[in-house]
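**Student:** What follows is the residue order along each chain.
Protein chains: 2
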Amino acid sequence: MTELAGNLLVAQSGGPTAVINASLAGVIQEAGKHECIEEIYGGANGILGILNEDIIDINDEKAKTIEGLKYTPAAALGTCRYKIDFKKKPEQAARDMDRLFEVLQAHNIRYFFYIGGNDSQDTSHKIHEEAVKRGCEMRVIGVPKTIDNDLPHTDNCPGYGSVVKYNATTVMEVGIDVGSMATDDGSCCIIEVMGRSAGWIAAGTVLAKRGQPANPPHIILLPELPFEEEKFLAKVKETVDAHHYCIVVVGEGIKNASGHEVGADKTRLDSFGHPVLAGAAEELKEIVQGKLDLKTRTALLGYAQRAAEHCASLTDSTNAFACGEAAVKAAVAGSSGYMVKIVRDQSNGTIRWTTGLQPLGDIANVEHLIPRDWISEDGFLPNEKFVEYARPLIEGELKYPMDGGLPKYVALDKSRIEKKLAPRS
Amino acid sequence: MTELAGNLLVAQSGGPTAVINASLAGVIQEAGKHECIEEIYGGANGILGILNEDIIDINDEKAKTIEGLKYTPAAALGTCRYKIDFKKKPEQAARDMDRLFEVLQAHNIRYFFYIGGNDSQDTSHKIHEEAVKRGCEMRVIGVPKTIDNDLPHTDNCPGYGSVVKYNATTVMEVGIDVGSMATDDGSCCIIEVMGRSAGWIAAGTVLAKRGQPANPPHIILLPELPFEEEKFLAKVKETVDAHHYCIVVVGEGIKNASGHEVGADKTRLDSFGHPVLAGAAEELKEIVQGKLDLKTRTALLGYAQRAAEHCASLTDSTNAFACGEAAVKAAVAGSSGYMVKIVRDQSNGTIRWTTGLQPLGDIANVEHLIPRDWISEDGFLPNEKFVEYARPLIEGELKYPMDGGLPKYVALDKSRIEKKLAPRS
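Sequences listed follow chains A and B, in order.
Here the first sequence is numbered in the numbering used here, starting from 1357 and rising by one per residue.
Here the second sequence is numbered in the numbering used here, starting from 1357 and rising by one per residue.
Hints are supplied without guarantee of correctness; some may be wrong.
No distinction is drawn between identical chains; accordingly, a pair holds when it is met within one copy or between any pair of copies.
As the list claims (entries may be wrong) - Straight-line alpha carbon distances no greater than 27 Å define the calculated DSS-like cross-link-like pairs of lysine-lysine that follow:
hint : residue 1 : residue 2
1    : K1651     : K1611
2    : K1611     : K1776
3    : K1418     : K1755
4    : K1647     : K1755
5    : K1685     : K1764
6    : K1445     : K1651
7    : K1741     : K1591
Rather than coming from a laboratory, the hints here were simulated on the basis of the structure.
Looking at chain A on its own, in the form it has when it is part of the complex:
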């Protein structure tokens, strides 16, 4: 393999996680070790910024800021939900791809890393294929990122362990709180977490039980299984009869038997055409209060769960950093068209995490859901197989500096490189 000399471009895409910047730090710090990589650039706000030739000079950043990315939430380079969509908008997509290669070639980009979820891996795949088609020598590697944990072939997705650690901590704390107020009247608390079609996030809160069946959460509603109101109400009643209270966790995307989302607000669509969801917990609250006459409160953790760096998993952060490092190593060694994956090695009884490579073509448009046999027969709780899988992902606490009682996160200076092209038409 001949050494490929040139510049590196890294960008972040989609919803941020607590560890998306750890992957960025992995890319940047590893890139600094390779002489063939000349300049290190970052796309501002993902592919959208690259199309606008809006590019950050990362070599201009302080080393301690890059180090601080390991414990800083959100997307330090900025992110976007823009997608080069060959299916729905083929003409725009073709124009975008032309423009993208104009920008990449103008700045001699030979290494391209995109940190993101399913859609971003699809984008990386398209860019890799296009580079091959154009005979443009460039190495493209996808770095996995999604709290949804729905990418195939990787043991887990960076971001997932941290969202589970925060959500399980929160459900445990809320559970103790509500349990301490439990009197004969009974009460119910419904906590809504993210997860549009995969229930990994909701399922992860089962760790709050710490192996004790009586501990909350008592019911976890997963988008993988149809919501059945009568069975649900019977389970709530059974739980309140036993414990005087019931903690329910619900994934935002749960659907009834006819496939209608319980909490969908169909009046709004996001930029990908998905309906904006916000109301599963409120909908369930109305059902529980109306049918069982049970005092019910809700919590909707929203963006707080994916941004909760203060409660991030060290295991998750370490794996996220390793994915960034591995992407650069693979590219320098000559690979292109792969996504880095996390591999679990449990051969010696203790868990060791390594990384591997999976062709990007295997990733795009494949959604990894929770296996049915990882869920209890009645569908209301993940079982021991799930717990065995998820428990190691939340281990270890990330260290971060404090200032006046609040975490002290870093921010990039984001000085821009000079534009060489006319504005995007």
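Keeping the supplied structure of chain A fixed, place chain B upon it in accordance with the hints.
**Tutor:** Okay, now just chain B, sitting in the frame of chain A:
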């Protein structure tokens, strides 16, 4: 003052906080130092348990469990919302008071400590007055507790510093997250926090700005000021024009000019006859989306905020413990009919916290709101005077043990003492 020998009864009331158990630990550990205090008992689920003669033998608990109360959320003894209500239910209240003294005398209770908010201080006051009237020698001291921070005469209320630390951390993290996704389209995120009539909790999130006007939160809606839709929408628009995103924090109890609660669900009342509130953020979201066509997400922190021990303030916890200790010291020294208050001493440039005593008669039914001159002229943000007040309350991080990636909290064994009376009729 003659020494009063006898037993001690402590109970917890109302909504838990992250530090209500620190106050309990303060009572218990201080009580152990005084020979005149013979047995240490806890009321299970507040006054309700005491009426049912449902009493926990605290001397049966392990010392390390008592120590662990300093970092354990929720009400370790159990709590209730039951109120001896002389105004609305005078006959029931008179029967309750007779029963209460039956229980107190059957177990030779000479020291009574009730840890709670406004309603509980009122209950303590009534019990103190009744003891005097009956010629029953007993020392009654109220220990302050409320995340709402609305008790008068105390610098702050135990529980408040911790809820502010967690909420400000959360708003800061969500703010960085949403800011990192900010593109030309603009977006809005509305975070609902607790606070029915006092806006202290919502106001506290201003600390997330860390003195930078451009930092989120950009708008804080306080229940103290009437909600004006047009001015609010203009402020959101102005903020999005400047920053491409807008973070709004709203106290659950905000009201419009005619006094109607924006998020009230009037179909449900809690056991005190208050309407159950849950929807201010959702209501505002509909307004922002409908009038400004701006993508808007919400978060509703609910009970998570008051239970968030993992992000509690060491200053708050230390003060809460000191309040418990001070209550016992005052009672042993002969005082009765007081609430312990927290006193801020800033005489040497650094802040020192001490405790004092305030007659319970000064506390009941007085609600301490944010002074108008601590809020900006346009009403959308607390000003520097508020920041100076609130900032010291979130300082310091509470230490707690971890187990498998989750905090390891304690629970009391709660062995009950033998009942001596017939069941409550």
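**Student:** Hint by hint, which ones does the structure fall short of?
**Tutor:** 2, 4 and 5
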